[in-house]
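Peer 1: Everything in the sequence shown is counted per this note's numbering, starting at -1 for the first residue and increasing by one.
A couple of the hints might just be wrong.
25 Å max Cα-Cα, derived PhoX-like pairs, lysine-lysine [stated by the list, open to error]:
hint	residue 1	residue 2
1	K27	K73
2	K27	K52
3	K123	K61
4	K73	K52
5	K123	K69
6	K61	K27
7	K123	K52
8	K52	K69
9	K27	K69
10	K73	K123
11	K61	K73
12	K123	K27
Restraint-style ranges between C-beta atoms, simulated for each label pair [said to hold, decoys possible]:
hint	residue 1	residue 2	range
13	Y104	E67	31 to 41 Å
14	D20	C116	31 to 41 Å
15	E68	H127	29 to 39 Å
16	W102	I25	15 to 25 Å
Quick caveat, the hints were computed from the structure, so don't treat them as lab data. Glycine residues also receive a C-beta, built at the ideal position from the N, C-alpha and C atoms.
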Amino acid sequence: MYSFNNFSLRDHGVKVMSDSDDWGEVIIKVLPETGKLTNPSASIRTISLFKPIKVYQSNFTLKVNIELEEKINIKITDNTGAPVYLRQLTPASSNEVLISTSSWNYGEYNITLTNSACAIIATGKFSIH
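Sequences are here, hints too, so could you generate the full structure?
Peer 2: This is how it looks when you write it as structure tokens:
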């Protein structure tokens, strides 16, 4: 399966992206729901091995997997802070979002995920080369 019309694009020398591209995981820092540490002085810490949000990157696409029960806002900004992608994800409809980055400029990007109260629940950085 191809993301573009294979016949006409090959005739014009355009590279066609295949769904079999390699995916690399983007490191995402998942925060407590408020975006702040809940009890930094606690002597016992619970570390969850479950990551409710995972982001993967291939040559032309970001894949965001979210295993949460609430609406999530996805915001991606470029290195100047200008938003290049905004979307609200309702988990009942889908737990995965595919974001095409094929038309984006090379550079560094930030991804921020917030809940419906606009509290930051996860952040990360990735590059397009």
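Peer 1: Evaluate each hint against the coordinates.
Peer 2: Status of each hint after checking the structure:
1. K27 / K73: holds (15 Å)
2. K27 / K52: holds (10 Å)
3. K123 / K61: holds (14 Å)
4. K73 / K52: Distance ~15 Å between K73 and K52 Cα, so the pair holds.
5. K123 / K69: holds (22 Å)
6. K61 / K27: holds (16 Å)
7. K123 / K52: Satisfied, since the Cα-Cα distance of roughly 13 Å is no more than 25 Å.
8. K52 / K69: holds (16 Å)
9. K27 / K69: Given that 25 Å is the threshold and the Cα spacing comes to 18 Å, the pair holds.
10. K73 / K123: The given pair, whose Cα atoms are some 12 Å apart, holds under the 25 Å limit.
11. K61 / K73: Measuring from Cα to Cα gives roughly 14 Å; hence the hint holds.
12. K123 / K27: holds (10 Å)
13. Y104 / E67: 31 to 41 Å: holds (36 Å)
14. D20 / C116: 31 to 41 Å: At 34 Å between Cβs, range holds.
15. E68 / H127: 29 to 39 Å: Holds - the Cβ-Cβ distance for E68 and H127, about 34 Å, lies within 29 to 39 Å.
16. W102 / I25: 15 to 25 Å: holds (19 Å)
No hint from the list above goes unmet by this structure.
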